[in-house]
Amino acid sequence: MIVAKQKPFETIYGMVAPNKRIMLAGCGSCVTVCFAGGEKEVGILASLLRMRAQKDRKDLDVVEATIKRQCDVEFIDELKPKLDGVEAILSIGCGAGVQYIAERFGKTIVLPGLDTTFLGVTEAMGVWTERCQGCGDCKLHLTAGVCPIARCSKSLLNGPCGGSMNGKCEVSADTPCGWQLIVDRMEALGILDRYEQITPANDWTASRDGGPRRIDREDLHEIK
Amino acid sequence: MKSNSRLEAVLAAGKFALTGECGPPRGADPGAVAKKAALLLGSVDAANVTDNQTAVVRMSSMGASLHVKSAGVDPIMQMVCRDRNRIAMQSDILGAASHGISNLLCLSGDHQKFGDHPTAKNVFDLDSIQLIAMVKKMRDEEMFLGGEKIKVAPKLFIGAAENPFAHPLAIRVPRLAKKIAAGADFIQTQCIFNIEQFQKWMKGVTDRGLHEKVFILAGVTPFKSWRAAEYMATKVPGMDVPAALVERMKGAPKEKAKATGVDICVELIEQLREIPGVKGIHLMAIEWEEIVPEIAKRAGLLPRPEVA
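Top to bottom, those sequences are chains D and P.
Numbering of the first sequence is given in my numbering, commencing with residue 1 and proceeding in unit increments.
Numbering of the second sequence is given in my numbering, commencing with residue 1001 and proceeding in unit increments.
Among the hints, erroneous ones may be present.
[What the hints assert, rightly or not] Reference listing, derived: stretches of chain D covered by chain P, where coverage requires no fewer than 3 residues with Cβ under 8 Å from a Cβ of chain P:
1) 147-155
2) 159-170
3) 174-180
4) 183-193
5) 200-209
[Claimed, not checked] Under the rule of at most 16 Å between Cα atoms (straight-line distance), these lysine to aspartate or glutamate pairs were calculated in the EDC-like manner:
6) K1136/P to D1083/P
7) K1121/P to D174/D
8) K1113/P to D174/D
It is worth saying that the hints were derived from the structure and are not from the lab.
The beta-carbon is built from N, C-alpha and C at its ideal position, and this holds for glycine as well.
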């Protein structure tokens, strides 16, 4: 899923403070699962904003609205009837959601309440970690199912740097060395000999380096 | 000969090589690096010129290599993958070769987190093995990585680093094999303090005959103080310093600390020379270049051989 975390409250309050009436828009997908921007977080954040405005003796009306997905127009349009008098929409969806809402409502200011961080997994309650960078050219079959691009701090494709110690990355004691994980799994699978195959210079055109990406599947155009 | 490198000539002649290190200054002073090179002149066959090591901004490796060369020392220009993509790297390789720089050491590069610009974006378009392969392609196939022909190819002696002590240990010999397969001509290792562990690695290397395919220079560094020893033992990623060495430094009286550091370094060199497959020493006396002639002399590495 897309993992995000809320911006510091004071930052959010600073963004919305110039407005008298805002909509706080949550999203029912990834950010609900990672407890950053679902219906529950909308309720809590809305209350905090109201209380803070009251303390500052400011008028701040917060309209709460959580839709199923902020990345689909059909759901975004559900927000329309609630937009009367709304000066700004504070989205606590991911960066894609914030932008898609902005595209749909050209005359309303849209503000981000989250920092969208990575594609990852829930490792434990309250702990999420990165697994994928969406490079557009998956190589997991070559690296025993562990991604060196996402999990090595230097995205090295031919093995660990000299800074791997006791299974940890030199960058942080909390970060497992991606290549240690790859080698461990290659050993467990009995395919460590594959490590010696040289991975040539990567073609990054399918990644962000090739410019904003687009997938267009004609076979789906006609499906309603 | 693949290049005009003095280091290559020494190694190809079967002589035991000695390389040093010249860290570029944190400024535009041409004298700083020339002074360091002058201290090494005659005591080493070539000197590494680091490329923004520990991700701290310094004079460029290429710029400083030219000063080193002017001072009469054969520079080993270091190039890291952290700061440049393949376009900039190939461009710098051509520029360096055009100025007569003949050695290139290909490295991943320390993460920017450790440096003075931790908020920087890193590049890592290539990794060190892909960089080695690219330089080899430029030299031997006279082609850019993109496949176009190079008019005058860069004649470089290609180096790589290896850390026998980093984890996972299981792939440390295979990783060397990959670097050789990619095109490395010589290897400089991480600083060695744990001789036993290094011997284990070298046994793995010689068992596969890899020492016949690449020149391995064993890395050493003298301790200036027990604090320096302890810092290396505990704070430097990928360093393996046995506690006994730190204790020996700690036990030395303050006025004898440097001498003890030199003693240890000379002893390590003597032990490393005896290990089959070791073809030279890479002596990293960082910010202590003036000690290099003394260590080289005491280790029996002077005079340096004359080569054509």
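Taking the hints in turn, this is what the structure says about them:
1. 147-155: This one holds; 3 residues, not fewer than the three required, reach chain P with a Cβ under 8 Å.
2. 159-170: Holds, because 10 residues of the segment 159-170 of chain D bring their Cβ atoms closer than 8 Å to Cβ atoms of chain P.
3. 174-180: holds (count 3)
4. 183-193: With 4 residues closer than 8 Å to chain P, the segment 183-193 of chain D meets the three-residue bar; holds.
5. 200-209: holds (count 4)
6. K1136/P to D1083/P: violated (20 Å)
7. K1121/P to D174/D: Violated, because 21 Å separates the two Cα atoms, which is more than 16 Å.
8. K1113/P to D174/D: holds (14 Å)
Violation of the numbered hints given earlier is confined to hints 6, 7; the remaining hints are satisfied by the structure.
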